[in-house]
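**Q** Here the structure of chain H is known, so what remains is to put chains W and F in place on it, guided by the hints.
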Amino acid sequence: MGGRGRETAPAKPDAATLVADECTQDLVAIELCDITKVFPGVRANDCVTFSVRKGEVHCLLGENGAGKSTLMNVLAGIYMPEEGRIRVGGSEVCIACPRDSIDLGIGMVHQHSSLIPNFTVLENLLLGQGKGVRLSVTEATQGLSRLSDLLGVEVDPSTVVSQLSLGQQQQVEIIKALWQGSKVLVLDEPTSMLTPKGIEDLEQVLVRLKGEGLAVVFITHKLHEAFTIGDRVSVLRQGRLVGTIEPDTMRASTPRQLQQMVVNLMFPGEAESLANVAELQDLSDVVGSGCVGRLGEPLLELEDVTVAAERGEVGIGEKLSLTLHAGEVLGIAGVDGNGQRPLAEAIAGQRRVSGGDIRLAGKSIRKLSIGARQRLGLRYVTDDRLGEGIVGRLSVAVNMVSKSIGSPPFWTRGRTHPERIEANAKTLVDEYHIMTPSVETQAGSLSGGNIQKVVLARELSFGPKVVVFNKPTYGLDVKTTTAVRSRIRQLADGGKSGALVISTDLEELLALSDRVAVLSRGRLMGIVSNKPGAEQEIGALMIGGTHVD
Amino acid sequence: MDSIMSADFLAAVIAGAIMASMPLLFAALGETISEQAGVLNLGLEGMMLAGGYAGFVLAYWSGSSWVGLLAAILAGIAVSLLMVVFSVRMGRDQIVVGIAILFAMQGLTSLLHQVQFGESYPRLGEAAMLSIPGLRDIPVLGILFNQPAVVYIGVALIIIVGWIFLKTNFGLNIRAAGWKPVALDNAGVDVIKIRTIAVLVTGALAGLGGGYMAVVTAGIFVPFMTHGQGFIAIVIAMLARGRSTWVLIGSLLFGTALSIADGLQLVGIEVSTDIVNMLPFVFVLLALVLFGRQSYLPAALCIPFERGKR
Amino acid sequence: MIDTATEQALPADAVEAPALWRRWTSGFWRHAAPVVYGLIAGGVLLLILGKNPVGFYWTTLESGLLTWGGLMQTIIRLAPLLLMSAGFIVAFQAGLWNIGGDGQFLMAAALVGGLGSYMVDAMPYGLALVLLCVMGFVIGGVWTIVPSFLKAYYNMNEIITSLMMAYLGINLANLLIKGPLLTTTSFVPQTNVIPFDYLLPYLPGTKIHIGIIIALVVLAAIHYMQTRTGYGLRLRILGANPKAAVHAGINVKRDIMTAFALSGALIGLAAAVEILGVWGYVRADWNPAFGMSLFAIVFLAGLNVMVVIPFVFFFAVIQIGGHEAARQAGLPNDFLLLLIGLVLFFMVLTEWAREKGWPRMGRKTVATVSEVRAEEAVDNG
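Chains as they are written, first to last, in my numbering: chain H, 1 to 549; chain W, 1 to 310; chain F, 1 to 381.
By construction, these hints were calculated from the structure, which means they are not laboratory data.
Derived pair list, reagent style SDA-like, types lysine to any residue, alpha-carbon separation capped at 25 Å:
{"#": "1", "chain 1": "H", "residue 1": "K465", "chain 2": "H", "residue 2": "E297"}
{"#": "2", "chain 1": "H", "residue 1": "K131", "chain 2": "W", "residue 2": "G162"}
{"#": "3", "chain 1": "F", "residue 1": "K243", "chain 2": "W", "residue 2": "V289"}
{"#": "4", "chain 1": "F", "residue 1": "K178", "chain 2": "W", "residue 2": "L264"}
{"#": "5", "chain 1": "H", "residue 1": "K222", "chain 2": "H", "residue 2": "R489"}
{"#": "6", "chain 1": "F", "residue 1": "K178", "chain 2": "W", "residue 2": "V276"}
{"#": "7", "chain 1": "W", "residue 1": "K193", "chain 2": "W", "residue 2": "F165"}
Pulled out of the complex, with its shape left as it was, chain H reads as follows (with noise of 0.2 Å):
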């Protein structure tokens, strides 16, 4: 990526140590000084200093439960620290609530959408803007057009946010983040809702934003995005700040070093065990590893399969076709709420399909209910493993069995066998590797790599055929990341079942499938075998290209 280097703090090297640190600290916009963050029982933060300056990406790495938002929402006034400092413009603040972040020039884009998906793009930005009594529409409507021309983006105010593509309801949030911060702006892995393509958009709207002398702070789990966008990166582990590259030492390595270096702050001791991590690698590493070749005898077919669209969201426009193996890995590939949920659903039988037909194993089910298509075989899990895939307030006992509830060996004429299904429990919860104090702890208060596995556990044993995985490995760690996705690999390599994957990180499919689908607008752009260069076939197809395989 270009232009890295060139928007950095113009802090010249042949300068004297001292005038670069009063250069520095003109520069710095904000300053967050030994914060500390407990929630009961975890350190989300502890004593983390961190500091970002005008005109800079300041890249904040860590994985999923690191603490990285946490650290920011502290800085957006959504979590009071325990202890520590925030200094704007060098002088120390109090921020008690996003109004007070607000008023500082902090704008924020949250990892999951602020927008209002039935409020109008105008009403959204209008959202505790206005000053007076009345809404100040063309006030609000000359800035967007003033905004809108800086990002290079073009946006109708009077669109219902759910009828824009997320692409573009990204966009929207960062016009609002720059609305209400005009001095440093957050933003929390906005790339997990883009294409490819909408990434290198992105990175273009940042560099605009650096050279207008923005303050940037970047947040994501990818170690190359860091590295292409990023000025500086910070490392989080645990809630600890580990480390940071300064601009001249990451002009001066080569990626290879950097990801090293970073490696070793992210994973000290582990980086060894932890080679073969898709996350931590080159694209072109991982391409094609996945791929085993041999295809056995059709599991799932889809024909023509459609599913209409439910409020806000797409469903699947197009006639859909695609066949799953025995004993293959298919990808879903393509950017959220491209019919994804509705695709995955529409196969679990949660919601019906309006047109086409689906068949296991040779045989219609179309017509059967959820719980008829469990019991041959069809397993779905769910990428919203609290709201749907476990029930918070019972055992992770019961959760093990709430898939089979009122059959045998758990319950035979209705009857409850309790010591059946504490013993079940306790086969699995060792199996699996599930970190809980016992199996009648309420299955919501572990952590989220533990209901994922308690989540596995029951989908996977008693034999599935056919588990359709949505988003398995979305918010985890990389080590319980890493289990998920060997699990699903084996599932598969088993020769007797097969798993369709959907999932939106790319590098994830790249490693775990033997083919990759891509899904966008709710139509299926094509199917690419996974083998070298598949990965510019896939960025191709999402965007809207073509592809004969």
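**A** Then chains W and F, alone, in the frame of chain H:
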């Protein structure tokens, strides 16, 4: 016996409908505001009773229906403070708190009434009417222009609330608090404050509705006199989807259903009170079955807000 | 969240559990505290109104519990109250707000009372009683069909629909009593009277009808259903997380309909037991309105059919004794409603305080006890 279509009959029905629909209108308008802000106020009926009782007592002592109505508003606000403290501030279950308010107010107003008046039920004088010269002489429809002054306030409120929702920052904040409080909070607006104001306004309007019922319509307070109207108002608010004109239409419809018996009696048709009492509820169920599928409630309704809750 | 959270949580849970009786008493206090606070607040209010709260509560206790007649009255009242509570608990646990209990109760009561005299004439009286109980059960269930259908198929808020059905039911019951079910022998608007000898039999040596036995058996059955059957677990999942219920492949529509119907049916059975055990007929405009006030009770009991028994007993004492106390004090019966409202407020208040970890005293005591034990163990060892 007069014909069903006679002018007298129509005028009586219209007058009765307006009379009966005003309490619904005030309460439903209030409920609309708090629902849009994400607070389901099941204690509405309790607030109406409190307003009715306070309004009656103050009107009785002072001899002025205006003093009574003001007291009704204040009583409604006082009761809605319970909702604010328990549901909005402490984040307790809105349904449980609403039911608690209902019981407490039913019990309290009945108790206070008994202690104060024993078994006697004193009456108030007629409320002040506001006639519009000229217009009031139009046949049949003239009745529209010879109404208690509060009626015109009600109509004005419909317009004002509609304007607030569509054209003001405050209205935008209220809707955001009901649909996605996190977004509102991130935008630097205090969600708790917005919800607090919304619930207090609801209390004021419900109190006014109850006060109207006791002071203007009946001129008397009887324990449990609201008889489920608070819940009808909640249904109206749900069906209105935050649009104040639909609150007006819904209230008039149910008001007509409540008052139709008087009109029928006027033309000599006797209907069992049980059937008459059933009418509005049959209406509600029909309305729900016919239109309910399209009614949608704010996404964050009934969900307490706490910043940064994990 | 990172895994360290659970790792750190482990030792805390490994702390020695307090003795069973301690858990029991603290559990009881957790449920009972709001009642005590509510009674105190009600007492203060009585004081303000110039009544003697101690006298009021004493009269309540005396005439509801401490006299044989009062105690029998209380136990008789317990039967319908327990059945209704069970009905509410079944629905609430499944996440269904059946607010329309009074409509279900009165519809069942009117039909059981109205047809009862004909039934006992037409067949052996034992059979007639059984059939009448079944009839109450069925009618109560049928009266939930509209709200549960709308909930299951159109996801329509059942609070509103069941409440509307309640108002409808109350008025329709009246209409039936004044119309087709009107007595032929009296000028009072009421149903025919079932002869006294044909009502539910008494328990030996008392004037308590066997309704209480029916209620306790039904409660035990419901408890078994909830804790030891697949159906019970399905309803719990439905109540705790409806989306998870769909995801788990539970037939949510069917379970909503059956749970709602079971809830109404138990309330209908309560009506049948009350009519067949106590009254033998139904008067027009009769509405004991048990339903609404029992909400508070089932919440206090944490939606547990076993825990609810002492609470309902206490409530019955207040109902029976409070009636007499209110009469003596010159207060309306509705004072009880106010008490229930107050108790509910204190319930949410104590719940909030617990979440905030507010009464640290209690926890400290437990910790100290286990520390003392540990020291003892060291001394002994």
